[in-house]
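Kindly produce the complete structure, drawing on both the sequences and the hints.
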Amino acid sequence: MKTSIILFPGTNREKDMAMALKRVTGHDPALVWHKETDLGTPDLIILPGGFSYGDYLRCGAMAAHSPVMKEVIACAERGTRILGVCNGFQMLIETHLLPGALLKNKTLKFICKHVNLKTENGESEFTSKLGKGSVINVPVAHGEGNYFANDDILHELDDNDRVAFRYCDGNGAVTDEANPNGSTANIAGIMNKRKTILGMMPHPENATQDWQDNKSGLLLFESIVEALA
Amino acid sequence: MTNAAIQKHNHPAFNEPDVTPALGAEHGLNEDEYNLMLSIIGRAPSFTEFGIFSVMWSEHCSYKSSRLHLKKLPTEAPWVIQGPGENAGVIDIGDNQAAIFKMESHNHPSFIEPYQGAATGVGGIMRDVFTMGARPIANINALRFGSPEHPKTRHLVDGVVSGIAGYGNCMGVPTVGGEVNFHPSYNGNILVNAMTVGIAEHDKIYYARGAGIDQPVVYVGSKTGRDGIHGATMASAEFEEGVEGNRPTVQVGDPFTEKLLLEACLELMSGDAIISIQDMGAAGLTSSAVEIADKGGIGVALDLDLVPQREDMMSPYELMLSESQERMLMIVKPGKEDMARVIFEKWDLDFAVIGRTTKEQRLKINMYGECWCDIPVPPLVDDAPVYDRPQGHYPKPESIDPIAYSIPDGSDLHSVLHTLISCPDMASKRWVWEQYDHLVMGETVAEPGQADAAIVKAPPLSPPQAGGIKGGKALAISSDCTPRYCQADPFEGGKQAVAESYRNLCASGARPMAVTNNLNFGNPEKPDIMSQFVGCVEGIAEACKELHYPVISGNVSLYNETSGEAILPTPVIGGVGLIPDWKKSMSLGFKAPGETIILIGETKGHLGQSLYLREIHGLEKGPPPPVDLKAERWHGEFVRRLIDEELITAAHDISDGGLLCALAEMAMAGNRGATLTIENNDPAFWFGEDQARYIVTTKDPDALLALDECKAFPVMTLGKTTEFDLNLPNGHNISIRELKELSEKWLPAYMAA
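Residue numbers (the working numbering), protein chains in the order written: chain A, 1037 to 1265; chain B, 115 to 867.
Just so you know, the hints here were simulated from the structure itself, not pulled from any lab data. Just so you know, these numbers come straight off a predicted model, no measurement behind them. Mixed in with the good hints there might be a few duds.
Unchecked claim - Listed next, the in silico DSS-like pairs over lysine-lysine satisfying Cα-Cα at most 30 angstroms (straight line):
(1) K1165(A) - K697(B)
(2) K640(B) - K697(B)
(3) K1051(A) - K266(B)
(4) K185(B) - K697(B)
(5) K473(B) - K178(B)
(6) K1058(A) - K697(B)
Unchecked claim - A few chain B residues that face chain A, going by a derived Cβ cut-off under 10 angstroms, partial list only:
(7) A279
(8) E561
(9) A588
Heads up, the beta-carbon is just placed ideally off N, CA and C, and yes, glycines get one too.
Here's what the structure looks like:
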C-alpha cells in the first residue's frame, strides 16, 4: 500500500501520522511537500493535522487553494482513498469534498483531551475492524472542531450512512456532556457518498503507540490497510 | 571613521533627542554608567550609539546586579556539554544525542498584554533552543498570578493561558506540564516563565561563538517593525500604576512564521553552512550582533538598508532596538549564501545578507548613505557594570509551636483535606492544560497530572544506525519553587526548590541530570530584596552541588515590583532527568486494590509555612521545612532503584499539603481508594511539609521492606490500596469521587464567574 502524507507550511502532526502508518504497514509513508503538482499513484492520501498557513484565514482555507490540492481533488475523483484529520478535515470541508462547516468550539477555547467515539458506520474501509457501535478512545486537539451542518445535509449524511463517528460517553451513549466542542448531532467524522474519503476532528494516530494512553486508534489504520492490501 | 564625530546629513528627519545625562537616566543609565559610556566612545555619542549602550547595559541584558552571585552556581559535570553563556544549556543523554534546554521569563510584557506577552515568551524560549540546532520536544511553564480576588487576575489568567496555547499549539510542540499558583504579592507583577526542551545530535549543535573575519552576516525570518523597542529596558524597571500604557513595547507573536523558521533552520543546520547563529530576542539586532561579535573576538559592519523592513522610514535606532519576533542572525560560510537562501525562500521567509564580520572589533552601522554607529564591541559586554549591591539584615523566622495550630473547632481531618484540595494552589489545573496540545508529536508518555514530572520520549532524530541508537529513552521535566518558603528563609527556600525538582524527577523514574533556573525577584537596589536574591542563589548552589545537579542555563528577572510592592522571591527551578527506557517511567496514581502503601522519609510534623497553616489558620508564619540534602539524595536514589527493579507500582513526592494531600492525589489520579492504618489525629503529621519524603505502592511489601535501605532510612507502612474511598482509622470515610469533584471544580468555576 502506497501512502502519501501531504505537508503544508504549518502542518505539525505529520510525524504522529507517519508513526501510526509505520506501525501498521511496517514501512514509512511518503511525505509530499505542498508545492508538488504530481502526486503519482498513491493508494491512500492523508491530510494531517496542524495549522496550515497559520489558520490565519479560515482553518484549511488557504491549503484548499494550494497547488497540491488540485491534484488531491483529481485523485479523489478517481477514487483514491483520502483521510483528513483535524486540520485535514477542515481542508476537506473547504475543498467541498465533504459537506458542512467547522466552527469555533462552543467554549471558544482550544481543547486537548481524550474523548470517546461511537462508530456509526462500521462497514466502511476505514472502520470495518471497529464494527458498528464500537467505542474507541482517542484525543481531540483543536480550536475549531465544532461541526455544523443544516438539516438537509444531516438527512443526507444519515440516509446514506455517512456519519463515521459521534462523540459519546464511555458506554457509547451519545450525550451533550460527551460532546467536547458543540458539534451538530455529536458528529466527529463523516465520509463522502462513496465512502472513499473520511474526515474527522479527533486524532486516531495519537492512540496507536505502546506509550500512548491506549491503542484503540490502531483499528482504524488496520481497517484501511487491510482494505487496500 | 574611528572615534570621529559622526556627521549627519542626507537622511529622513528623525527628530532624535540630544544625548544628555538626563536622557541616560530615562533609559536606565545612571550617572557613572553614562560617564563610562562617554569615556569609552571618546566623543559625543549618536542617539543610535547611546541606544545600543543603554540596552546592552540594562539589567535584562547585562545581569549587572546578579552576575557576581550567579558565579556561585555549580555549572559543570561530565555530562554537561554547554553550561550558561550560550542561547541554552546542553547535556549529553547518550547515543550521540543531546538535550538542550532553558527557561526564560516574560513577566513584564505579560502583565501589560497577557496574550501577546505570554505567546512571545513561549516563542522566544523555543527560538533559544532551536537556534542551537535542537528540535523542541516539550514546553512547560511556571505561572504565578495575583490573588484570585484581585480584579485583574481572571483576565490575566485567561490571556496568559490562551497566549501560551496559541503559540505552542501552532508550533506543534507539546506543552506537557508546569505550575500555576496564586498569591497577592503577584497582584501587580505576574510571572510567566516558559521552558523549552529540545534534542539534537552531538555533531549538529550550533553556537553563537565561532565567527571569523570577513564572513557574511545573514538576517532570516520576519521583517523588522517598530514593535518592542526598549522591551529590555522596560523589563529592567519597576512598574507604576497605569503601566498598561506601555503596550507599544510589547511584541506581537506570529507562531506560523516561527514554525517555518524552525523547519528552515533545522533544514539548513543539517548541512554545514552555518558558522555561528544567535536568535534576536531582547534588544533584537543589537544584542545578537554584539553577542556574535564579542564571542568571536571580531567586529561587525552592518548595512541596515538591507534589513527586511515592515514599516517605512525606520531610523537606525529603531532597527537596532526593535524586538520584532521570529528573527535570527547568523554567520554563514562564504560561498554558501545562495544555498542557504534557497532553503529560506522555500519556506517563504526573508533572507538577507546585511553585513560582514570584520577584524577590527567594532560595531559599525551604515544606513541612508551614512555612518550612524562606530563603537568598540568588547566594552558593550565586558565593561558592562557589575554591582555588589548591598544586602539587608534578613532575620531568620522564629520557630512556631505546632501544638498551637491544632485543627480548629468544628473541623476535622476530613474537612481540612477538602479545604486544601480545593484551594487555588492545589485545585486541579485541568482548565489550563486542556487548552495546551500536550500530545502533538506523539511522544508524550505522562500527560499532565499523571506523574510527578512530565515525561516525553526523546526519539532518534535520524533513522537508527546499524547496531546504534535505541529508541526507548525518555526525558522527565519539572518546574518547581515554593515562594513562601523563599520569603521566610531565602537560603532554605532556594535549597527546597532544587530538592523538590530532584524528587519529582526521581519519583518519575528519571536520573536528575541538570537544571535551568528563572530567578524572579523585586528591585535589587533594595537591600532586603538583594538579601533574598543572594540567599536563594546560595541555597540553590548548595543543593545543586550536593545533588550533582548542575545549573546549565537560566534567566534573571528583577524589578518585579509595582508601586514599591515586591513579589515573593520566586527562583523557579526547571529540572530535566533521563529515563533510559520509557517503560521504566513511573506514575503517581494508585494502580490496583490490595497493594501496600509505604512512606519513605522522616515525618517530624513541620507546620511552619505550610499550606495547612495558610489555608486553615490564615497564617504565613514560621520557618520553612529544613532540607537535609543527604537524605534527599539517599531517598531519591532509593526510589529510583525501586522503580528500576520493578518493586513499586506508583511513586509520589510529598510537598504542598503534606502526607494526606499526597495520598489523596494518588487516589484521585488512580481512581482508587486506600485504607490507612496509622492511628494519628495530629494535623502536623498529616499536613506537615517535611522534605525528602516519597509515598510508594508495592505488590510485594516483604521484598521491599527486606532491603537494606529500609533499615537505614525511616520507612513506614501506611496501609493498603482499596477499590473506593480513603478510609482513616478514626472512622473518616473520604469519597474519592467527592474529592475529585472538589479539586476539579474550583478553577472552571472561578474562570466562569
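Against the structure, the hints come out as follows:
1. K1165(A) - K697(B): holds, 28 angstroms
2. K640(B) - K697(B): The given pair, whose Cα atoms are some 50 angstroms apart, is violated under the 30 angstroms limit.
3. K1051(A) - K266(B): violated, 40 angstroms
4. K185(B) - K697(B): violated, 38 angstroms
5. K473(B) - K178(B): Roughly 28 angstroms separates the two Cα atoms, so the pair holds.
6. K1058(A) - K697(B): Holds, at roughly 21 angstroms.
7. A279: Since the shortest Cβ distance to chain A is 5 angstroms, the answer is holds.
8. E561: holds, 7 angstroms
9. A588: Holds: closest Cβ of chain A sits about 8 angstroms from A588(B), inside 10 angstroms.
The earlier numbered hints that this structure contradicts are 2, 3 and 4.
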